[in-house]
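So the chains spell out like this:
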Amino acid sequence: MEIPYTVEIRRDTGLNNGKIAIWLFLASEVMLFGALFASYILIRTGSTSWPRGDTILNVPLATFNTIVLISSSVTMVMAWASLMRGRFNTFRVYMASTVLLGGVFLVVKYFEYSHKFHDDLFPRTNNFLAIYFTLTGLHMLHVIGGMAVNAYFLGPGAKLYKTNPVWFTNRVEHSGLFWHFVDLVWIFLFPTLYLL
Amino acid sequence: MSEHAATTQHTAADGHAVDIDKHVRIYITVFVTLMALTIVTVAISRFHLPVPIAVSVALLVATIKGGLVACYFMHLISEKKLIYAVLALTVAFFIVLMFVPLLTVHDGYWMRG
Numbered sequence: 001m002e003i004p005y006t007v008e009i010r011r012d013t014g015l016n017n018g019k020i021a022i023w024l025f026l027a028s029e030v031m032l033f034g035a036l037f038a039s040y041i042l043i044r045t046g047s048t049s050w051p052r053g054d055t056i057l058n059v060p061l062a063t064f065n066t067i068v069l070i071s072s073s074v075t076m077v078m079a080w081a082s083l084m085r086g087r088f089n090t091f092r093v094y095m096a097s098t099v100l101l102g103g104v105f106l107v108v109k110y111f112e113y114s115h116k117f118h119d120d121l122f123p124r125t126n127n128f129l130a131i132y133f134t135l136t137g138l139h140m141l142h143v144i145g146g147m148a149v150n151a152y153f154l155g156p157g158a159k160l161y162k163t164n165p166v167w168f169t170n171r172v173e174h175s176g177l178f179w180h181f182v183d184l185v186w187i188f189l190f191p192t193l194y195l196l
Numbered sequence: 001m002s003e004h005a006a007t008t009q010h011t012a013a014d015g016h017a018v019d020i021d022k023h024v025r026i027y028i029t030v031f032v033t034l035m036a037l038t039i040v041t042v043a044i045s046r047f048h049l050p051v052p053i054a055v056s057v058a059l060l061v062a063t064i065k066g067g068l069v070a071c072y073f074m075h076l077i078s079e080k081k082l083i084y085a086v087l088a089l090t091v092a093f094f095i096v097l098m099f100v101p102l103l104t105v106h107d108g109y110w111m112r113g
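Which chain is which? The protein sequence lines are G and U, in order.
When we follow our numbering, the leftmost residue of the first sequence carries the number 1, and every step to the right adds one.
When we follow our numbering, the leftmost residue of the second sequence carries the number 1, and every step to the right adds one.
Rather than coming from a laboratory, the hints here were simulated on the basis of the structure.
Each hint should be verified, as a subset may be incorrect.
[What the hints assert, rightly or not] Chain U side only, calculated, beta carbon under 8 Å to chain G, not exhaustive:
#  : residue
1  : Thr29
2  : Ser45
3  : Phe47
4  : Phe73
5  : Lys80
6  : Leu82
7  : Met98
8  : Val100
9  : Pro101
10 : Thr104
[Said to hold, decoys possible] Examples of chain G residues toward chain U, derived with CB under 10 Å:
#  : residue
11 : Leu177
12 : Pro191
13 : Thr192
Computed from a prediction, not measured in an experiment: that's the story for all the values here.
Each residue gets a CB set at the ideal place from its N, CA and C atoms; glycine is no exception.
Make a model of the complete structure from these sequences and hints.
Shown next, in the form of structure tokens:
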């Protein structure tokens with residue numbers, strides 16, 4: 001069965017179905033991370049003492065990761081812009097860069113986590129580390145999910161471009177919206193956990 | 001395809017390409033701004049300001065950065081009304097969620113033994 005309104009615009013919403021679906025999904029994601037942020041506020045304001053993030057966590061590494069994730073957002077939007085210009089090969093370069101930068105983010109996070117475990121710092125150690133591992137762990141899962149979707153569009157999913165380039169461009173735009181959201185969450189996580 | 005139709009289509013495509021070029025220039029500007037604001041965020045944290053001021057400044061800078069990502073990379077600046085409506089509802093619930101911890105202060109939870 002053919003999926004309706006993947007390319008053409010619905011009269012009632014003024015959007016294709018994919019666009020409204022991804023925004024509804026992102027709205028639910030805002031509430032998911034929002035619940036954890038609210039928990040963070042509750043735990044922090046309720047504790048008698050709270051460590052500054054930079055006394056426990058590695059700020060230079062996190063700053064580097066912030067730069068990596070922002071760069072990946074730019075390559076993602078450039079991948080979409082390349083498709084809009086009809087330049088498929090340029091799209092592939094930008095999309096590959098996005099996936100690669102996502103990989104760099106995860107590798108840096110791996111070193112950060114390893115260092116913490118090596119120093120006997122686990123989620124059970126204290127409330128700060130519990131919320132740190134929960135928030136960054138959930139965010140990392142989102143990075144992995146976004147990378148998987150982007151890798152699909154770079155690999156087997158790219159076949160769609162030959163048969164229906166407009167639909168393919170829409171799909172890339174929607175995966176891009178998710179990827180930018182992942183970047184947006186990190187923009188708030190970075191100062192909240194590492195700098196305050 | 002008639003010559004007129006072909007010319008019209010060609011002109012539309014040219015206009016579209018110019019539009020995307022303009023978008024690309026904006027993306028680069030936003031990227032540079034985001035990098036600068038990241039440096040600002042880290043630099044401010046070095047001043048070891050009192051916690052309420054540090055939190056306010058850090059969240060203000062993060063909100064500006066997040067706004068740039070949402071408006072330009074996610075194209076929210078030129079989105080349809082329905083998306084704005086969905087997001088307005090989300091923001092309303094998000095704000096409520098952020099203020100839920102305050103209820104525990106109000107009912108004196110933290111004052112108890």
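query = Broken hints, numbered, in rising order?
reply = Hints 1, 3 not satisfied by this model.
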